[in-house]
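A.B. asks: The primary structure of each chain is shown beneath.
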Amino acid sequence: MKPTAFDYLAPGTVGEAVDALAAGAQVLAGGQSLLLEMHLQRVHPNLVADINHIPGLDALTVADGTLTVGALVRHKTFESPGAVPGPLGDLFGRAVANIAHPPIRARGTMVGSLAWAHPASEWCALAVALDAVVELRSTRGTREVPAGDYFLGPFRTAREPDELLTAVRYPLLAPDTGVAFTEHRRTGFSFAQVAVGAALTIRDGVITEARIGLANCADRPLRAHAAERALVGSGPSSPVFARAGETAAEQDAAPVPEPYADVDYRRHVIAVLVARTLREAAPV
Amino acid sequence: MKITLTVNDEAYPLDVEPRRVLADALRDDCGLTGTHLGCEQGVCGACTVLVDGEAVRSCLLLAVQCDGVPIRTVEGLAGADGEPHPLQRAFSAERGLQCGFCTPGFLMLAAGALERDPALGEEEVAALVGSNLCRCTGYEPIRRAIMRAARDHRNGQEA
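From first to last, the protein sequence lines are chains A and B. First residue of the first sequence? That's 1 in full-length UniProt numbering, and the numbers climb one at a time after it. First residue of the second sequence? That's 1 in full-length UniProt numbering, and the numbers climb one at a time after it.
Source of the hints: derived by calculation from the structure; they are not laboratory data. Source: prediction; values computed, not measured. This list has only true hints and no planted wrong ones.
If the Cβ cut is set under 10 Å, some of the chain B residues that face chain A in the computed set are:
hint	residue
1	18
2	21
3	45
Covered stretches of chain B (in silico footprint by chain A; criterion: 3 or more residues with CB under 8 Å from a CB of chain A, positions within the stretch not fixed):
hint	segment
4	53-64
5	125-132
The beta-carbon is built from N, C-alpha and C at its ideal position, and this holds for glycine as well.
Given these sequences and hints, build the entire structure.
C.D. replies: Okay, here's the thing in structure tokens:
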């Protein structure tokens, strides 16, 4: 099918963009999800606001221990080593290789993934695990929402229809943080059946901080709080990581059955992948 | 909307609806039917073209987004004298095509990658060919063709 008819606007400022949103516009950034949905006629906006011409939205900045990713920063940016400093950049680099394929990564944006909120999204799982904060702008002003409160369900977020997601902020990870990202899927370019991102800080042989993000392990991205509690205070070891994996699968995850991945299978994969991700993240 | 598409260094002044995707504008408005449309969902990659030097899906881009941006399609690969592009020669030499439907997309995917990094390695090419679908060759001849073009480029054996 072809997209239904709509009017097109290319605002030159965030102010013009939020005015368009107040008038009911749908935001076009990378367009790799929006245009697909428009082809399938599951989304049929009357007005599309193309934000690609707004100066400054493509900024990727680090200041005061915080990384800020603007709405136009493409997935592929995170493939470049050094684009983001330290273990956070390493974690993003490991995650981004799992997102679609190079032509999609050339156009699609990290912030667009957060706006779209697909339950299998790698970026969404990392956002909740890393205590990211999203910045929402509208004609009513600016507000910030922690990622933990932002995702409400499949394709559902705390963003109001007239709000523009202008940026996402992440606290940088300490230099001695170990990171890993693993994903399980049916074919090389399928959506994740399960994906796990982890960041571990180990000091004097004891895990002092653990962050585990789960993609497609529920109807929304999750942070595996129970598994993290099971880790902190313990020494890193395979049995400890295996137990954390089982905790994540049984207590944190709320898997939704999908074709070729029923709930029991999902829980099994989650337990295995979480343990594997932790083993990779533990600095030896 | 009135826009001008700049395809293979040639200007195409067009009047298109905003909903017209780049692939349809190239094929139906510019008459450049070398770009193929398979799934129209960003999956198959048959419609891959270079927009500002970057290989992208022309089904997931509106024509109005490309006003004034340099575009290259498979028609722009061969030399002015009609001599095939080194990639096209490599695809022929390695039997990198059978039915040919996916070929323009693979050629533009590879052209974008090689122009960015002529020293493409085995691993990068293996990952790259997974971007598009081919139902004939099993990908291996396509992978070999891209490696051959990269090798020829390095050895300066073009033309």
